[in-house]
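Asks: Read top to bottom, the protein sequences are chains F and U.
Residues 1 to 204, numbered by the numbering used here, are exactly what the first sequence covers, in order.
Residues 1 to 196, numbered by the numbering used here, are exactly what the second sequence covers, in order.
Some hints could be false.
[As the list claims (entries may be wrong)] Here are some of the chain U residues that sit facing chain F, going by a computed Cβ distance under 7 Å:
1. 68
2. 72
3. 168
4. 170
5. 171
6. 178
Think of the hints as simulated: they come from the structure by calculation, not from any bench.
Note that the Cβ used here is the ideal one computed from N, Cα and C, for glycine as well.
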Amino acid sequence: MNKTYLILASLLILLGVGLVIAGGSDDKKEIPPDQLLREVSDDTRYITTDQLADRLIKKDPTVQLVDVRTAADFNSFSLPGAVNVSPEKLFSDEAKAVFEQPGKDFIFYANDDVLADHVWQIARRTGISRLYVLKNGLNCWVETILQPTPPSPTEPQEAFDLYQARVGASQFFKGSDVPLATEAPKQKLEVTRKAKKAKAEGGC
Amino acid sequence: MGPLIPLGIIGENWNNVIALLIGMAFGFILESSGFSSSRKLAGVFYGYDFVVLKVFFTAAITAAVGLLYFGYLGWIDLSLVYINPAYIPSTIVGGVMMGLGFIMGGYCPGTSYCAVSIGKIDAMVFSVSMFVGIFIFSEAYPLLENFYNSGFLGSPTVYESLGLSAGIFTLALILIALGAFVMAHFVEKKVKKVDY
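So that you can see chain F by itself, here it is in the shape it has in the complex:
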């Protein structure tokens, strides 16, 4: 066999052995600290309960809810379509399979938004993108979507529109018949009619 080939083959084997000794490349995928800092101070990661309800009602296929509470909490109550990834399982194979779904917005939620925010930071640091946090968590979900409180009569029309939307969402998620609120109570107008003038007499 040609001597050059032997030299080249030995060189390749040597390089391969070098790779084994060097341990290959550093596989850790992390986003740069300055980028993370920028994203942490940016509030666009938050999604409100109203926005989420709207997307769930419209059956938005890009929504992937991620419940970061314990499995017991998840089993007792969770949002429709959610998967349970508690913080200690964030790096498990099941969690990896969840976050590898293409084209999804991953929305973290817990009872409030502190735990979900922590998980968001760790997950974002590992380079997973399209991550969101449900603002004020499930507590806010119950307060605003499941048991909406009617606005006081002096509030603007927008508050009543929002309330109507929430009542509709509540019916969607609970399936019960929550009485629809009527429009903002209208004050009775007092009409003071002008006293009829005396019939015109004569004239041209």
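We have chain F already, so just place chain U on it with the hints.
Replies: Same frame as chain F, but now just chain U:
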């Protein structure tokens, strides 16, 4: 430092220009290495010429070793390098069809254009047929869509799927490649030479 385009060192708009230049260089080298001959390419199936196996296997291990060393030295961020998404059933069927086309026509898509560029009629017929195939596939896409998108595995690397480190896998690949080269050398010696 790298990859240059995803990190914005070279603008996104240069993507196609660079691809064109690399493509031309690739085509030139393919042609000058004799890859525009369908007999040479088909030789790997009949055992009289293993140059295809040698060239592509060498390219694969050279690129693998180079990229891993670049990654180790911090010259390239390997997590940003594009990895083809894997769809198992459609890849198997596609691979079998591609292999059949290769053995029947004597070219793979890239080499067929090399041969077209030097005026080979069989390659022209091959290229036109390829477009007919693409047209049929596109028209039948609604029927094939479910199968086409089935068995999606994300973008896994072979070494991760095998649970090995990148270094050990690459060393194994080098040894397999060298073994294949030695074997090809002996097969070539045994099989009757074909003139082309």
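Asks: Against chain F, is residue 168 of chain U within 7 Å by beta-carbon distance?
Replies: 6 Å, holds
Asks: Should the interface hint for residue 170 of chain U be scored as holding, given a Cβ-Cβ cut-off of 7 Å against chain F?
Replies: 5 Å, holds
Asks: Does residue 178 of chain U pass the interface hint, meaning its C-beta sits closer than 7 Å to a C-beta of chain F?
Replies: The hint holds - residue 178 of chain U has a Cβ within 7 Å of chain F, the shortest such distance being about 5 Å.
Asks: Double-check residue 171 of chain U for me: the hint is only fine if its C-beta lies closer than 7 Å to a C-beta in chain F.
Replies: 4 Å, holds
Asks: Report holds or violated for the interface hint on residue 68 of chain U, using the least CB-CB distance to chain F and a cut-off of 7 Å.
Replies: 5 Å, holds
Asks: Would you settle whether the hint for residue 72 of chain U is holds or violated, based on the nearest Cβ-Cβ distance to chain F being less than 7 Å?
Replies: 5 Å, holds
Violated hints: none; the structure is consistent with every hint.
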